[in-house]
Amino acid sequence: MERVLRGCATILPLIAIAACSGGNKAAVVDSTSSADPQATSSAATGTALVSGARIAVAHAGPPGEWQMPAGDYASSRYSELASITPQNVANLRVSWAFSTGVLRGHEGQPLVVANTMYIVTPYPNVSYAIDLAQTGQPLKWKFRPENSQQAIGKACCDVVNRGAAYADGKIFYNLLDGHTVAVDAATGNQVWRTKMGDLSRGETITMAPIVVKGKVIVGSSGGEMGVRGWIAALDAATGKEIWRAYNIGPDKDVKVGPKFKPFYAHDRGKDLGSTSWPGDTWKTGGGAVWGWLSYDPALNLIYHGTSNPGPWNENQRTGDNKWTAAILARDADTGEMVWALQVTPHDMWDYDAVNENILVDLPIKGQTRKVLVHFDRNGFAYTIDRATGEILLAEPFVPMNWSTGIDMATGRPKVVETKKTAQDRNVKDICPSLEGGKNQQPAAFSPQTGLFYVPTNNLCMDFQARAVTYIAGTPFIGGNAPEKGGPGGYRGEFIAWDATTGKKIWGIKEPYPVWGGALATAGGVVFYGTLDGWFKAADARTGKVLWQFKVGSGVVGNPVTYTGPDGKQYVAIYAGIGGDMGLLIAGDVAANLPYDVRERGTTLPDIARWTSWGGELFVFSL
Amino acid sequence: MRHYRRRASLILSALCIAIACRNNAGANSDTSAVSASASSTSPDENTTTHLLVAGDSLRVIEHPENLPAGFPLQIKPLLISNPYEGDKRAIATGAQLFVGYNCLDCHGADGSGAMGPSFQDGRWHFGGSPGDVFESIYQGRPEGMPAWGGRISNEQIWMLTAYVRSLSSKDLSTENFTGKTVERTGH
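Residue numbers (my numbering), protein chains in the order written: chain L, 2 to 623; chain F, 172 to 358.
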């Protein structure tokens, strides 16, 4: 907590924007007193705040298209489109909108390829191809996959889907019931459908795939159901499984072999994926892959995180519990593990490490380093050498009190004794909460400013762990963790982060966790949506909110930008509150189920005054 | 799906009859879950009426009011009631089972709603009578509720039924965004 208070003391309120309030609790822009005077002056002159920074992999396809979940393999969520600028963004207007026909959490983002927009809904995972070239945006096709209803009750955190990937004339995405499908982008016909997960054991799929060299890379959800997490590659042409790597278990299963060279000594050894667990507990130990994937073609490495270990009750699984709550680098051709960094060994706070890994080249101590930047649930922002897994820098990006910092010799967090959870104990006031300093909502990076734009949560929790029995197909959790707002009286903040120094440059405080992702553009404008339904544009350099629009439902999705057939720049975002925040935490935002009326949740007691469930795409242009 | 439900209902009823027969043979009457009655008393909200149709095969008709006139029946309304309804000790045991069988992490602490629906609101997707709730637990439901029949004892299912029904006390029809809040756990 001391760290929290010190951190807050350095934050000087800069501007309160009255226009942002809209009757709501005002969002407030803060600027940290930067140790680097250069940073402050460069913000004013419009040059890069971190010069010499670049995205590791080019945008996929033409700049006016959005072919991958994050726009590129680097997970940058940056677009070269520059028509919308800080000077004209105030003129942004709704151009058109589209109801997906499905309520519940609209995480993820649309794709735009050749004047066609592709959308995947939450369960039942309907996909649409929308013709952007015609007035009124008619559908080219609509695809309704076979998708077991049982999946609804096996998904831990709402029936979300984080989007599709486009390659070779096909749209690839995952179904909640554990299948991966390929759909012909021109006709909407199903090309193949492959069963990847076992629903009866609680394996669902919610993540967005990427396609690497003719292989569709997918991973499992179910870290709360006692699954044994995996990542797999399917042949994009046939749907045949090419390789599958588990994240826990013996070396053979996790694909640890001669190529495996972890940076830290304690990660070396035989069969650590099973020997760092008591007995057979690894078989139900979680380590799912429900987050975002990145790929570096030069190193031929796929980067992914792994989820929390199961159950939450740490007493049932003494040891490091490898490779849960870890960042893993795997050979894209074979799935072989090349390096591993367990960011939260023996996690006891539900700090999944599945958040996106953004691949950039950054100037660090006078040298350009090939790094991966990762904002973890555990509250640390990591700048990591993406070839070796060495931590170059790790600093808290949100208020936290469970750790005093990272031991740079071992890469392990230094854990505060009084914040360790334990069976049958109620450990109070742990920050961040199990939602993490950041959750699935992906950050963006702008090479123009050299900064990362990060949607964050500011929540704390009490943690009560209890013994739990594994019963296939039911939750394997063993804990309650009621949450509350973190220090400072706000529950979320949209921040700009310098990953070369580990410092926050500015932040826009929000009354609710910022559960939607970020988009950075070459126009110098960054976009994000809020849980209470505001879609906002901010100046990438100063964090000044320049424009906002109240969309039809809370935003948990990620903005994308594209060039329309008319040559104009468009920005698209889903409105549709849900996910963990909208289903489990809020309690009372649904209105469509007469048999399920819930009392409001303590964590977000007034969210239902501002929004209700929805499912709509909003598209904006000047 | 309709066919499936019929079959499942049939299995349930056959099972209940078995229990009833055993009871008639002198088993512990505390576990009696089913009473077959020849009278056509209208069921109260705590009972479920199923019509057993005897013929070349045993069938269950859930909505006898919809039968056409003259439908050949040798019927006895089967009133299913929970032997543990309102029984404090059984409800306490049901509360423990609710945690032990991981119901809590789906339906929320005290049934406040989480991955699965709330039990506190007095609303029921598949009916709220003891027989309906027993059926939901016994045979599962299409949106992910596992089938517990055969995995745990019927007696435990009745205790869970008594507990789950005891949670249902609130009228949440109008939400005015003030007053009490419920602590909820995200995943």
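Where hints are given, some of them may not hold.
Chain F stretches covered by chain L per the calculated footprint, using a threshold of three residues with CB under 8 Å from any CB of chain L [said to hold, decoys possible]:
1) 262–273
2) 285–298
3) 325–332
If you want a taste of the chain F side facing chain L, the calculated C-beta under 7 Å gives, among others [said to hold, decoys possible]:
4) 242
5) 281
6) 316
7) 352
8) 353
9) 354
10) 355
11) 356
12) 357
Calculated from the structure, these hints are not laboratory results.
All C-beta atoms in this analysis are idealised placements derived from N, C-alpha and C, irrespective of residue type, glycine included.
Okay, the hints, checked on the actual structure:
1. Here the region 262–273 of chain F counts 4 residues with a CB under 8 Å from a CB of chain L, which clears the bar of 3, and the coverage holds.
2. For a cut-off of 8 Å, the count of residues in the region 285–298 of chain F with a CB near a CB of chain L stands at 10, and the three-residue condition holds.
3. As drawn, the region 325–332 of chain F meets chain L at 0 residues by the rule of a beta-carbon pair under 8 Å; below three, the given contact is violated.
4. Interface restraint check for residue 242 (chain F): the shortest CB-CB distance to chain L comes to about 31 Å, outside 7 Å, so the restraint is violated.
5. Hint status for residue 281 (chain F) relative to chain L: violated, with the closest Cβ pair at about 10 Å, above 7 Å.
6. Among the interface hints, the one on residue 316 (chain F) holds; its C-beta lies about 6 Å from the nearest C-beta in chain L, closer than the 7 Å criterion.
7. For residue 352 (chain F), the suggested interface contact is upheld, since its CB lies about 4 Å from the closest CB of chain L, less than 7 Å.
8. The interface hint given for residue 353 (chain F) holds, since its Cβ lies 5 Å from the closest Cβ of chain L, which is under the 7 Å cut-off.
9. The restraint placing residue 354 (chain F) at the interface with chain L holds, with a minimum CB-CB distance near 4 Å, inside the 7 Å limit.
10. Against a cut-off of 7 Å between C-beta atoms, the interface hint on residue 355 (chain F) holds, since the closest Cβ of chain L lies about 4 Å away.
11. At about 5 Å, the closest approach between the beta carbon of residue 356 (chain F) and any beta carbon in chain L falls short of 7 Å, and the interface hint on this residue holds.
12. A hinted interface residue such as residue 357 (chain F) counts as satisfied when its beta carbon comes closer than 7 Å to some beta carbon of chain L; here the least separation is about 4 Å, so the hint holds.
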